[in-house]
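Dock chains X and A against chain B, hints included.
One line per chain: the protein sequences are B, X and A, in this order. Going by the working numbering, 126 is the number at position 126 of the first sequence; the sequence numbering is gapless. Going by the working numbering, 721 is the number at position 260 of the second sequence; the sequence numbering is gapless. Going by the working numbering, 1381 is the number at position 443 of the third sequence; the sequence numbering is gapless.
Because the hints were derived from the structure by calculation, they are not lab data. Don't be surprised by glycine CBs; every beta carbon is placed ideally from N, CA and C. Any given hint might turn out to be false.
Negatives, chain X to chain B, calculated, CB over 10 Å [to be verified]:
id : residue
1  : P464
2  : I468
3  : K489
4  : L507
5  : A512
6  : T647
7  : I725
8  : R826
9  : F865
10 : M877
11 : I928
12 : F936
Simulated DEER-style distance windows between Cβ atoms [claimed, not checked]:
id : chain 1 : residue 1 : chain 2 : residue 2 : range
13 : X       : I475      : B       : V151      : 51 to 59 Å
14 : X       : S937      : A       : T990      : 30 to 38 Å
15 : X       : I504      : B       : A306      : 45 to 53 Å
16 : X       : N484      : A       : K1089     : 49 to 57 Å
17 : X       : E732      : A       : T1465     : 31 to 39 Å
18 : A       : L1525     : X       : I475      : 52 to 60 Å
19 : X       : P648      : B       : V151      : 55 to 63 Å
20 : X       : N484      : A       : R1488     : 37 to 45 Å
21 : X       : S663      : A       : T990      : 52 to 60 Å
22 : X       : I475      : A       : Q992      : 51 to 59 Å
23 : A       : G1001     : X       : A659      : 23 to 31 Å
24 : X       : P648      : A       : G1122     : 35 to 43 Å
25 : B       : T162      : X       : S615      : 38 to 46 Å
26 : B       : Q177      : X       : P648      : 40 to 48 Å
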Amino acid sequence: MQQYISMDEYALCIMILLFIFVNALSIFHKRKKAQLIISTTFLAVITVLAIVLLESNTYDIFAANLLNIYPFSMFFVALFSVGLIMVNIISYRYSKDYFAFSLLLGFVAFGMYSVAMAYSLIEIVLGIELVSLPTAFMIMVNGKENIEAAVKLFILSAIGITVLAFALVLLFPFDPQLSLTSISSMTGYLPVLALLLVIAGLAFEASIFPFNLWVPDVYSGAPANITAMLAGINKKVAFVALFEILFITMIPFSAAFSSMFQVLAVFTMFFGNIVALVQDNVKRLFAYSSISQAGYIAIGIAAATAYGVESSIFQIAAHLFMIIGTFAIILWLETKNIKTVQDYLGLSSRNRFAAFALTIFMLSMIGVPPLMGFVGKFLLFTSAINQGLLYLTLIAIINSFISIYYYARVMMSIYSKRPHEKVSMDWSIATVSLISLIVVILFGLYPQPFISIASTVSMSL
Amino acid sequence: MIPIIGIMLLLLSIGLAVTIVFNEKYSKVISTVVSLIVMELAILLLYVFLAGAAGSPGSISENYMYYISNFGISLNFVVNPVSLALILMASVVSFVTMLSGNVENENLKVSSILVLLFELAAIGLFASGNLFIFFIFWDVGVVALFFMIYLLGSANRRMAAIKFIMYELLASLLLLFAIMLIYFNTPLHSFDISYITANYSSIPVGTQALIFSLFFFAFLINMPVFPVHLWLPDAHTEASTQGSMLLSGVLTKFGGYGMILAFIMLPIANEFTPVIAILAGFSAFYAAFVLMTQHDIKRIIAYTTIVEMSIVLVGISAFSTLGIMGATYAMLAHGFAISMLFLVSGTIGYMFSDRDIRSVKGVVRNSISTAYTFLTGVFATTGVPLTAAFVGDVLIFIAAIQKFSLYGAIPLFSIMLMGAFLYYVVNKSILSTKDASKPVEYVGTSQRVGFSILLFFIFLFGVLPFIALSIFSNFSI
Amino acid sequence: MFALLVIVPLLAAALLALPLKRFPNIVKYIAFAASLVSLLLAYLVFSYGPFTTQSFNWFSANGISFNISIATLPLNMLLLMVVSLITPLVFLYSLGFMEVPSEQPRFFFEMSIFAASMMLFAISANFITMFIAWEMLGITSYLLIGFWYHKEHAPTAARKAITTILIGDIFMLAAILIIGTTYGTFGFSAIMGSPSSPALYVALSFILIAAFTKSAQFPFHEWLSDAMEGPTPVSAFLHSSTMVKAGVFLIAVLFPLYVKADMLGIILVIGLVSAILGATNALTERHIKKILAYSTIEDLGLMFVALGLGSVMAAMMLFFVQAFYKALLFMGAGYIMKANDEKEDIYSTYGSSTRKLVFLSIVIAAVSLAGLFPMSGFFGKDAVNSVASNMVVYSMLLLIGFASSIYIFRWLFIPLRKSYESGTEININYKSTPRSMLIPMFILAALVFVADYAYLKLPGFLNGSYSIALLSAVVGNVIAVIGIIVAYRVYMKGFRAKLSSTNKMLFNVLYSSRAVNAVYLYIVGVTMAFARAVSAFDFSFDKSIYGLARSVITSGNGLRKIVNGQTNSYVFAFVLGIMFLIVLYVLA
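Bound-form chain B, shown alone (with noise of 0.2 Å):
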């Protein structure tokens, strides 16, 4: 079969390579808004590049059996490119090092792009590394107090991409291509084990309990742009090495990880939500958020079916925007040391787009229609009653109204009487939480296209 391989594919290819070497070209030119604008343009060729290949509905393995080029994969292209360019855009201005940001996000863009685009499990492997080592890093560059975090990101990453790279091996002797096709034997401990470290080092970076206790520490520990790539994107990418993986590997083993995920996504709901109501510090209470919007997550997954998939990719979507925008917002506030519950009375009269932004956001990940976290829950909870999980539904809506509470507290001191000085609001910060506000509204308002890409995503896995 002669493939006929389209010059989207080549561009792509082309300009994915080269916005790591213009990155890392960042150190040494030194030009602040230059490099902004560059790495800002290639993410976005990149994003429509994927969408083009997105709508034209290409399959292609590609580069050596090294880029796979299907709806999928290039969704995620595109969805991390964009949580790129907001990253990139809030980082700008609060980053300490931004040029060492930028080499490092290079890298980590790599790696995605390599997770999403995967035809082997190595290249998932590695993709991961990719993401989670620099990620620590960009941590690091920002000064001695978030070293701790950065730390312990590294360390604990270290762990998860070993015990990865195990399961690895152990399905070395079924397929030793490592390719990303559905293990043919089913026999033995083996693959079994090898299903268990899979879940497990993934289970780490998609914090879900109980490999997720470092979440907390680190997003709070971290500058809340790094935060926002952590929880925006970087759990996403695990999310997307689990689909992988999981129903295209291990699609024999669907009931045994739909039955693991069903109780992984219990414990995560509860763990996140129920912390997250004593929470104080925002940063702290948003981690634990993204803990239980994981947990939502997995759901999808526990439903085990290309429904469920289609739900979790979409919630997927939702919860990139929403956390971005909100990290992006806290980011602004950290640097006028507004930081806890308390100091966010009154926000609503220092800015009152940062307050009504930040409202939308948590009513979305509350899941209160018509916003865009709503119809992902609303996805996910039909993906699960669809599989008969009645019971999943019923705690996933208990966990929902548990954290009713908590957003609504932060809510409540945000619209609370407090007169304050106006504070403006610097372009970076507008911009990335104008743009993740129009999103959440307006696929919220209108989800249907979204929902047709998730579907065409989701079958084409």
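Only chains X and A this time, still in chain B's reference frame:
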């Protein structure tokens, strides 16, 4: 055929956008005009409905774009007699709220935005032809009122607001669970209310019971009825006048309307009716007794809402055409009466900077219109003939007696307790002699206009009940 | 045309509701003119109207029709006549009585509404119509009792009245709904013909309770004496001659049902108890209007006694004649009070016989109340006495008659025995009483005589029979005269002073008002205590849910300890997690 519901919703959305964009100076004018037009459209809708009801089965439906086509969810609006009555009530109450609810004339922009948003939610909800849309409007309404309580409320609004949103969103989550269950249990996977009504029998009986109880508890919280009523008194006490008016006048009807839908969609409800009726009757007496120990006028009126809505639930639990008609009529009447009472008590609170019946004395000496409007509100709440509530009560209790024989009349006596205390309030604070408390402010013209509009509707539907009852001419369950 | 009867006063009321501040004088004349028009209409109905029923559909729901239906059957005509005769007189009286211009619009508005609802009640032919009127009566009565809300006790009195009446209203509504549901109709005549059923017993006893509250019968009678806080025209109109008789009237209308249900005994007993309580309280009360109020309770009790004895005829006879003399007595009381600067205690007011004609009118009314021939009161009381087949009941009735002639002359003599100097303020007050207050008194005095005519007409009108037994009539008259003589000796000639030391105990026995009020307060207290208990439960229920929520929130504090900041424990958790997964897999 003019798509009236669509125009109403569109107009409200445009009004909302315009109010957000424009300066605070114009926000009240714009939103008042918008809600006035919406009210007139609602009256037009009544006319169109009546004109159509002569020949057809009497329902108007409008279909718009698909919202989520995977689920077959379209913006699908159906107007049945129950919803028509409630749309009419909601639009009038919202208009009056907009016009005269903001007694203090503060926070005009925020309050205008929230009232319009809530009106949008209310009309959308009552008109929704599928459960998904119903749910969405439900949550929008709840969130709008949450902010109305929290942003515009009084000193202890924090606790009240969080209580409100916890209870209401619990209800909404139960509702969500129920509609998802319904969706997957109908043969064609549908949220469409009329489809579910026609095909309920294909749902397994156990699931039907489960779904019904989920619906039941969700709507019970919203109505509210004992034991899930606790959010309401606090929410009312702390909410602004506008918030209270919409809360009692319209929001509690979400639950009532939903309950009617749940009964109609899932006739398995019939097996629970004795229990529901007992609960409702108990709740009416319970609220009437709690009412008797309150001192804050708004809190007292809040508890009358529980009594009235419990009686509405008695009517629904009778589960007959007459009972549903009565419940609808009672909700219609209650919407006008209670929002008027809250408007009055807001005015009193504004005049005296105080709402405690022990210290407010002699309202009549300061404002005759306020005092006698309050008194008329008491009549309209206790179901005096020629006020709209009378018709509702009569229909409800006839249905209840038909269903539960003489026991059906028992909840009627809770009105006696409630009425006795309300008259006590009247004679203590309203029609009494003035001593210490002096008015700080005087009642404005817009409040008087608001009083008269609501009074007009109370007496219109009390003296000429056939206007509202004729929309039920083809209605039966 | 009957509809006009109701519409005319309503129109007047509507006119009064308009802001007519520019023409303060016109207000009261509108109301008065409307009442005259009503009288004319009533006369036309009487002269030319056949005995018919008309009804039209008010609304109908799911096959149940709610009709407004009106009738001019004999009983209706009787009440209509009373109402239409009394209304203009009271309005005329009020023209003089209500001096404050700012109060006039409200007063005449409420009075006109009352008049309209009384007319409606009089001609109502089904339960729905009757109930509308019934509730309107209660409400206007409430508003009028509390009319002078600046007075100290008026709001309390109004509340007492409305609370009692509300109890009745709810019972009435329940009864109506039960009847409507059971029989599918609300028409009086349709239900009369229907067979009896268990539901009917319940409904009839509910209606009886309602009638007792409205007509101030034991144990609901205390509100009527408090209702005297209202302006005197109100007392003369509502609380003696018209509204309070609604209960009696209703029972009379539904009489065949009570016969069928065999419930006359209870009516008799309650009526007798109320009559006794009314008479004894009237004997001991000092408030000039409350004496008359208790007397009204007694009269209403006697009407119920007559009904309980099975004679609608006798009840209606008393019903008819009582209206005139009681209205006249109240007007007299208002006349005396006005001259005495609104003093209410008979021991501190001064009577006057300077205006001979007025004095004579009041005496006529008092004599009529005492039941002396040839006043119309005689025919009323004798009618009741003569139907008493039971000796016990008869003797009790005689005793009550004796008491009533004592108390009414006590009421007359005590203010009169004190003399005052001519030319004092009181004298001037008496002299300057507005003419419009006096004319209706003369007319009423004439009517007290003319009402004798009822003796001739009523039996034929109501298709009943009633004849005077000579013995009973003589006994009644003799007892009344003895009562008057006793009252003259005791109160006019001052024997009371000698009795005062011994009658303390007697007073306590006779004056039951305080005890009854204490019982009311006790019931209210118990209800409130229960309400407080429920409220406390509500509060603790709220608190316990709050506590539950708090405990969920604080459980977060326990759980957060897992995140202790130590990397090694995170690694440990990681390992545990893998083990956990293994366990899960094995279990699955």
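Hint-by-hint comparison with the structure:
Look at X:P464: its CB is around 19 Å from the nearest CB on chain B, clear of 10 Å, so calling it non-interface holds up. Residue-level check passed: X:I468 sits 19 Å from the nearest beta carbon of chain B, beyond 10 Å. No Cβ of chain B comes within 10 Å of the Cβ of X:K489; the nearest lies about 19 Å off, and the non-interface call holds. For X:L507, the non-interface assignment is confirmed: its Cβ lies about 28 Å from the closest Cβ of chain B, beyond the 10 Å cut-off.
The non-interface label for X:A512 is consistent with chain B: the shortest C-beta to C-beta separation is roughly 33 Å, beyond 10 Å. For X:T647, the requirement that its beta carbon stay farther than 10 Å from each beta carbon of chain B is met, with the minimum near 13 Å. Listed as outside the interface, X:I725 is consistent with that label: its C-beta sits roughly 23 Å from the nearest C-beta of chain B, beyond the 10 Å cut-off. No Cβ of chain B comes within 10 Å of the Cβ of X:R826; the nearest lies about 34 Å off, and the non-interface call holds.
Non-interface status of X:F865 relative to chain B is upheld: no Cβ of that chain comes within 10 Å, the nearest being about 33 Å off. Even its closest Cβ contact with chain B, about 38 Å, leaves X:M877 beyond 10 Å, as expected for a residue assigned away from the interface. Every CB of chain B is more than 10 Å from the CB of X:I928 (nearest about 35 Å), matching its label as outside the interface. A cut-off of 10 Å between C-beta atoms confirms that X:F936 is not in contact with chain B; the least separation is 30 Å.
Distance hint check for X:I475 and B:V151: the Cβ-Cβ separation is about 55 Å, which falls inside the suggested range of 51 to 59 Å. For the pair X:S937 and A:T990, the beta carbons lie near 36 Å from each other, so the given range of 30 to 38 Å is met. Distance hint check: the CB atoms of X:I504 and B:A306 are about 50 Å apart, consistent with the given range 45 to 53 Å. A beta carbon spacing of about 52 Å between X:N484 and A:K1089 agrees with the range 49 to 57 Å that was offered as a hint.
Between X:E732 and A:T1465 the beta carbons are some 36 Å apart, a value that agrees with the proposed interval 31 to 39 Å. Hint check: A:L1525 to X:I475, Cβ distance near 58 Å, so the stated range 52 to 60 Å holds. Separated by about 58 Å at the C-beta atoms, X:P648 and B:V151 satisfy the suggested range of 55 to 63 Å. Look at X:N484 against A:R1488: about 44 Å separates their beta carbons, and that is inside 37 to 45 Å.
For the pair X:S663 and A:T990, the supplied restraint of 52 to 60 Å holds, since their beta-carbon distance comes to about 58 Å. A hinted range of 51 to 59 Å holds for the C-beta pair X:I475 and A:Q992, which are about 53 Å apart. As the Cβ distance of A:G1001 to X:A659 is approximately 25 Å, the hint placing it in 23 to 31 Å holds. A hinted range of 35 to 43 Å holds for the C-beta pair X:P648 and A:G1122, which are about 41 Å apart.
The given range of 38 to 46 Å is broken by B:T162 and X:S615, whose C-beta atoms sit roughly 59 Å from each other. At roughly 46 Å, the beta-carbon separation of B:Q177 and X:P648 lies within the given 40 to 48 Å, and the hint holds.
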